[in-house]
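Please build the complete structure, drawing on both the sequences and the hints.
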Amino acid sequence: MVELAQYLLNGISQGCVYVLLASGLTIIFGILNVPNFAQGHLYMVAAYLGFYMVMSYSTNYWLALVLATFALGILGLLVYFLVFYPIRNAPEVNLFVAAMALLMILEGGALFLFGTETKWFLIPWSRSVLSFGSLTLQVQRVIVIVGTTVVMFLLWFFIKRTALGAALEATAQHREGALLCGIKVSRISAMAFVVGTALAGIAGVLIGPAVLLEPTMGMGPLLVAFSAIIFGGLGSIAGAVVGSLILGVVESLASGYISAIYSLAFVFAIMIVMLLFRPKGLFGKEVWRP
Amino acid sequence: MKTKSIFLSVVILLVAGALVCPAYAQQMKSVKIGVISPLSGPLTFIGTSMLRCVQLMVKEVNEKGTTGNGPGLLVGGQRYKLEVVNYDDSADPAKSVAGMRKLAEMYNVPVVLGPFGTPQVWATQEVNVGLKVLFNGLSTSDESRKKGNALYIQERVPGMYYGDYMAEACFEKGYKKAAVLTDINEAYVSWGKRFGQKLTSLGGQVVAVQAVDIKNTTDYHSIMTSFKAKNPDVIFVATYEEPTALAVNHALDVGYKGKFIVTSDFGIKAERIVGLDRMEGSLNQAMVHTYYRKYPDQDKRGYATAFIKKYLDTYKEDFAQPGLSVYDPAWMFARAMEISGSVTDAYAIRAACPKALEEGKLPIIFPNVDVLKNGLMWGAPELILEVKGGQYKLMKEFRVPRNILE
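Just so you know, the sequences run in chain order B and A. Using the working numbering, the final residue of the first sequence is 396, and nothing's skipped along the way. Using the working numbering, the final residue of the second sequence is 408, and nothing's skipped along the way.
By construction, these hints were calculated from the structure, which means they are not laboratory data. Nothing here was measured: the structure is a model prediction, and the numbers come from that model. Please note that a few of the clues may not be correct.
[Said to hold, decoys possible] Each computed BS3-like pair below joins lysine-lysine, with the alpha-carbon atoms no more than 27 Å apart:
hint	chain 1	residue 1	chain 2	residue 2
1	A	K296	B	K225
2	B	K225	A	K232
3	B	K225	A	K34
4	A	K363	A	K311
5	A	K363	A	K61
6	A	K97	B	K225
7	A	K195	A	K302
8	A	K232	A	K296
9	A	K375	A	K134
10	A	K97	A	K34
11	B	K225	A	K134
12	B	K225	A	K217
13	A	K271	B	K225
14	A	K312	A	K296
15	A	K390	A	K232
[Claimed, not checked] Going by beta-carbon spacing under 8 Å, a handful of chain A positions derived as facing chain B:
hint	residue
16	I186
17	V256
18	G260
[What the hints assert, rightly or not] Restraint ranges, calculated between C-beta atoms of paired labels, are given here:
hint	chain 1	residue 1	chain 2	residue 2	range
19	A	M30	B	F374	50 to 60 Å
20	A	P383	B	V203	49 to 59 Å
21	B	I378	A	D315	55 to 65 Å
Beta carbons are placed, not taken as given, at the ideal position from N, Cα and C, and that holds for glycine.
Okay, structure coming up:
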C-alpha cells in the first residue's frame, strides 16, 4: 500500500509538470487553433535561463523563477508577432509547419547558446527530502506540486474572475462572436501566447533543479503533455489538468510495476483507448479533426 | 634609402627564419587520425573527453614524438605531423557508421578512436574492415571482440567480468540482497546479469531487476520505489555517468537508505551531482585515476597522476572517466605506425600494436598492458573503492585473469 501511495506521489509530481505544459498548449490551441510544438522547447529554454541565473549569477531561485517566467512571456510575445501573427489567416498547415520550425530553431539555438553538455542545478535544497510517514519526496518535487497548484488556481482566477480572462475564454469559444462583441482578438491571441509560454517557463524552472538539463529535455514531456490534452479533451483546461495527472500516474505505475522501458507505451496506449471509446476526451465538447 | 632599409630588413628576417626553423618543419607531411564520439546529446561529456584526450596526445606527439624521437611521427625516414579529424555521432549507431565512412573516404584516416558505446561499436564493425580502418571502439561488451573483426581494438576488459569482483565486494561488506538497474545496452545488461549470478552463487539474492533506455528516461523515482519496496541492501547501477547519478539521486529521493554499487562510469561529475557524503558505505568499481586523483601519493608509478594534471592544466575542466580510455590506444596507434613503417596500412598498424606497448616507452596511463590476439587490451588494474566519511577508500585492486579473455 505504501508502495502504491509512493507511485501515486511520484506520478502526481511528474504529472504537475505535464499540467503546466498541457495548460499552456490548451490556451494557445484554443485561441489560435495551432498545436504549439515548441512548448517543450520553451520549457527547456526556461530551465536553462533559471540555471544560468542561479548558478552563474547567484540569483535567488525564487527571483529566477519570476524572471524566467517573465522572460518566457516576452519570448512568447515575440514568437507570436514574428511567427504566428503574420500567418494568422494562412491555412492551418502553415501554422503547423511554423510551429515545427520554431521547435527546430529553439533546439538549434539552445545547442549553440547553452552547449551540448548536461547541466544541473545545485540549490540549497536540491538534495533535501521531505517525509510524510512512510512516503518521501524530494523538496523540489514538493515545490513543483505546490507551485503548480498555486499557478493553476491563479490561472483559474484569471480566466473566471477577470474581464481579460473572460475575453480569452470568449475568444477561445467563438472567435467571430468575440470580435462582434468588440473584443480585440489579435491582442487576446498575443496574450494567450504570453500566458501559454509563461506556463512553460514556470514548468521549466520548477522542475529544473530536479532533473538534468539538456537541449532535448523538452521532447519527452511535450509528447506526454500533448497526449494529456487529447486524453482530457482538446480545448479544456480542466481536461488538460486531469489528463496530465492521470498520465503522470500511469507512467509512474508502469515504471514501478512493469518496466520503465514500457511506461510511455502505456501512456500512449491509454490515450489511444480513450480516443477509441471517447474521441472528444474526458472533458472535450467536440471531436477534434486536424 | 627608406625602401632599401625595409628591403634589407625583410631579407634579414627571411634568412633568420630559415636558420631558426629546423629543416624538418618544411619537410613534414601530415597524417590524419579520426575520432568518432558523441559531442551532442546526453553523452556529450564523455565524447568531449574522448576528443580532448586524443588532441592532448596529438599535441604531445607533434612536439616531442612518441618516444621522445619527435617532433611528430617518424615513419620510414619521413616525419609526419598528426592531425585530428572528428565526427559527432550523437551516440547514434547510424551516425557512427556515417562517421566512419566519412573519415575513411574523405580524410583517408588509417585509424579511428571511438565510437563510444556498444551499439555504436557493433554498427561500425560492419564497415571498418571494408574501409580498411583500424579502430578502437569503446565497448564494454564481451561480444565486441568476439565478432572476429581483424581491425578492432577493445581497450578495456568487458564490464561483465568486473561483476564477479563487485559481487564479492558486496558480499564481503554484508550487502547480500541486491536490486539491479542497467541500461538496455547489452554490455550493461550482461554486467548486471553476471553480478547477480555471482552474488547468488555466493549465497546472496537479486530481489529486483530493471533495464532502462537511458536516452528516454529522465525519471527514476518509480523504479527506485519498486526497488525500495524489495528492501535490498545494495542497488547495483550500471549506466553512463549522468544517468547513474540521476538514478542514485532519485533512489535517495524516495527514501532508500541502503547502499549503492556503481561502475567506473560514475566519475567526478556524478560525484558532484549526488554528493559522495550521501553514499556512505557504497562501492565504486573504478579505474585507477578516480582514486589517484584524490590520493596522488598512492600512484607509485605516477602515470595516471601525470595524465590527470596534464588534462586539467590544458582544459581547466574535468574529464569523463570512460572518455579518457582512448588516450592509451591513441598513443599505441601512433607508435604502431612508426614500427610498421606505414601511415596507411591498417593491417600493418594493427600487427605492430603489441610491439608498441611491449617496448614500454610510451607515456601512457596504463603501462604493462598487452594487446591480445582478439584485440583486447589487457592488463590495466581495476579498483573497488568504498565511500567512507564522504571520501573514497581503496577496498581492493584486481585484474581479470588473462586466460579467460584470450
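Cross-check of the supplied hints:
1. A:K296 <-> B:K225: Roughly 23 Å separates the two Cα atoms, so the pair holds.
2. B:K225 <-> A:K232: violated (32 Å)
3. B:K225 <-> A:K34: Outside the cut-off at roughly 33 Å; violated.
4. A:K363 <-> A:K311: holds (20 Å)
5. A:K363 <-> A:K61: Holds: A:K363 and A:K61 sit about 17 Å apart, inside 27 Å.
6. A:K97 <-> B:K225: holds (24 Å)
7. A:K195 <-> A:K302: violated (35 Å)
8. A:K232 <-> A:K296: violated (35 Å)
9. A:K375 <-> A:K134: Between A:K375 and A:K134 the Cα gap is close to 18 Å, so the pair holds against 27 Å.
10. A:K97 <-> A:K34: holds (20 Å)
11. B:K225 <-> A:K134: Violated, at about 38 Å.
12. B:K225 <-> A:K217: holds (15 Å)
13. A:K271 <-> B:K225: holds (10 Å)
14. A:K312 <-> A:K296: holds (15 Å)
15. A:K390 <-> A:K232: holds (25 Å)
16. I186: holds (7 Å)
17. V256: holds (6 Å)
18. G260: Where the cut-off is 8 Å and the nearest Cβ of chain B is about 14 Å from A:G260, the hint is violated.
19. A:M30 <-> B:F374: 50 to 60 Å: holds (58 Å)
20. A:P383 <-> B:V203: 49 to 59 Å: At 57 Å between Cβs, range holds.
21. B:I378 <-> A:D315: 55 to 65 Å: holds (56 Å)
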